[in-house]
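S.K.: Here is how the chains run, residue by residue.
Number of protein chains: 2
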Amino acid sequence: MKFILDVVLLLPLLVLFSLESLVKLFIPKKKKSVSGEIVLITGAGHGIGRQTAYEFAKLKSKLVLWDINKVKADVGDVSILINNAGVVYTSDLFATQDPQIEKTFEVNVLAHFWTTKAFLPAMMENNHGHIVTVASAAGHTVVPFLLAYCSSKFAAVGFHRALTDELAALERTGVKTTCLCPNFINTGFIKNPSTSLGPTLEPEEVVNKLMNGILTEEKMIFVPSSIRLLTLVERIFPERFLMLLKQKVNIKFDAVIGYKAKKQ
Amino acid sequence: MKFILDVVLLLPLLVLFSLESLVKLFIPKKKKSVSGEIVLITGAGHGIGRQTAYEFAKLKSKLVLWDINKVKADVGDVSILINNAGVVYTSDLFATQDPQIEKTFEVNVLAHFWTTKAFLPAMMENNHGHIVTVASAAGHTVVPFLLAYCSSKFAAVGFHRALTDELAALERTGVKTTCLCPNFINTGFIKNPSTSLGPTLEPEEVVNKLMNGILTEEKMIFVPSSIRLLTLVERIFPERFLMLLKQKVNIKFDAVIGYKAKKQ
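Top line first, the protein sequences correspond to chains P and R.
Convert by adding 4 to the 1-based position in the first sequence; the result is the number in the working numbering.
Convert by adding 4 to the 1-based position in the second sequence; the result is the number in the working numbering.
Quick caveat, the hints were computed from the structure, so don't treat them as lab data.
Hints may be right or wrong, so weigh each one.
Stated by the list, open to error - Just a few of them, taken from the derived set where beta-carbon distance is under 8 Å, the chain R residues facing chain P:
hint, residue
1, 11
2, 27
3, 148
4, 149
5, 239
Said to hold, decoys possible - A few chain P residues that don't get close to chain R, going by computed Cβ distances all over 12 Å:
hint, residue
6, 55
7, 190
8, 207
We put the CB at the ideal spot given by N, CA and C, even for glycine.
Produce the complete structure using the sequences and hints provided.
M.R.: Here's what the structure looks like:
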């Protein structure tokens with residue numbers, strides 16, 4: 005009863021904060037400087053990680069680049085580009101990739117847990133830092149035939165959100181968090197993906213949004229931003245309608261064809 | 005463009021299906037029979053698993069009971085109760101529990117993956133079965149100081165949702181899915197939990213809701229059902245308001261006190 009009264013008393017603030025959020029949409033956000041900051045990127049050898057390394061190099065950050073795979077992390081061309089911008093280290097974090105469920109979790113979630121666990125205490129002590137979790141639209145909504153992938157990306161989103169809340173509860177607001185949730189990206193992870201929502205994203209577009217989100221300390225970045233609306237719609241609309249909507253969204257990729265062929 | 009037109013053409017169906025959902029709220033759902041069905045319960049030695057075993061026994065299902073821990077899974081009293089109802093097996097699935105992140109994931113998610121992976125093919129072949137995922141309210145919304153737990157429960161929710169979509173895509177609608185998402189339950193997992201949302205749940209209440217949800221083939225069960233509203237509110241209201249709301253919800257448990265004491 006007291007709880008309901010408490011919430012009713014908060015309602016004027018809801019109006020105020022909603023207006024504030026609306027106004028903020030039209031004010032360009034100030035970007036923070038990352039010059040001289042140490043930036044550790046896992047999976048830096050390819051795709052989003054590699055592109056993000058370039059961007060931080062341009063901003064004169066000190067880079068620490070890690071990747072699963074030594075061959076892919078052999079950052080010859082990257083190091084030439086960023087030679088004057090910072091310091092480049094490379095190191096192996098894992099042996100190799102594996103299609104097994106456990107490996108999907110290891111690569112997508114546990115590696116990020118371990119890395120965070122290693123660096124968070126120092127960030128918290130200095131009340132300074134920024135932890136970026138690379139999740140996916142598939143961490144909010146699901147795609148058939150990517151069961152372990154979706155589940156591990158849901159875990160990544162949960163990790164980001166719990167970490168954000170924990171830092172707030174411990175009043176370490178100097179340690180920022182950002183979670184990247186893009187739709188299909190053209191990085192070779194999934195073969196020939198397509199949806200009616202729009203063309204497959206190019207890494208450059210996603211990294212632009214990511215960099216902007218990090219520098220303006222945005223908590224959750226959806227690319228395209230319409231994904232945010234989709235996750236809301238999913239919680240409101242009736243199931244039968246959502247099933248029709250999914251047919252229209254029509255997510256396809258070659259892995260599905262292979263899987264179906266195997267099953268039939 | 006074609007996609008937007010497609011969606012606009014679907015809008016009359018949105019109204020229709022929404023009305024249908026509303027009407028269905030007031031029609032009592034038919035419960036299916038589980039007499040003679042094989043019911044495998046992991047974590048059957050304690051808490052929700054144990055109580056659920058009792059309920060299925062009463063409904064004359066054939067039980068297969070597994071638990072992490074041999075001591076806890078020594079189902080002396082359960083077997084007496086259900087002796088005439090079905091068959092009881094016990095077996096060890098894991099060595100022991102461990103507070104490490106990996107173990108949290110192993111126990112909460114990977115075990116469920118492996119079990120599903122083992123039994124799903126037969127279910128799909130017969131187009132008959134039901135997979136129940138025990139997640140948590142913490143699989144939708146987050147709680148500070150339960151980082152690995154939240155993340156693993158997010159993964160469980162993602163697993164359930166992706167599995168549901170995959171079964172629909174493969175037209176195996178005879179294989180049902182249910183996901184249980186309760187608030188804090190008084191099972192000793194968390195010491196002295198409390199929130200302003202209401203008293204800590206008793207296992208009996210949660211199992212009643214779970215059994216009802218399974219037998220009526222509900223996909224997502226929130227206990228209390230107000231959690232569903234909370235997950236919606238989280239996606240709409242501005243962040244600053246949500247932070248105040250969380251203060252009022254005031255989730256507390258003894259682990260927090262211990263953690264804070266250690267940090268300071």
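S.K.: Now tell me if each hint is right for this structure.
M.R.: Hints versus structure:
1. Interface hint status for residue 11 of chain R: upheld, as the beta-carbon distance to the closest one in chain P is roughly 6 Å, under 8 Å.
2. At a threshold of 8 Å, the smallest CB-CB gap from residue 27 of chain R to chain P is about 11 Å, leaving the interface hint violated.
3. This hint holds: residue 148 of chain R has a C-beta 4 Å from the nearest C-beta of chain P, less than the 8 Å allowed.
4. Checking residue 149 of chain R against chain P: minimum C-beta separation of about 6 Å stays under 8 Å; hint holds.
5. Interface restraint check: residue 239 of chain R against chain P, minimum CB-CB distance 5 Å, threshold 8 Å, status holds.
6. At roughly 26 Å, the least C-beta separation between residue 55 of chain P and chain R is larger than 12 Å, which holds for a residue marked as non-interface.
7. Listed as a non-interface residue, residue 190 of chain P keeps its Cβ farther than 12 Å from every Cβ of chain R; the least gap is roughly 19 Å.
8. Residue-level check passed: residue 207 of chain P sits 24 Å from the nearest beta carbon of chain R, beyond 12 Å.
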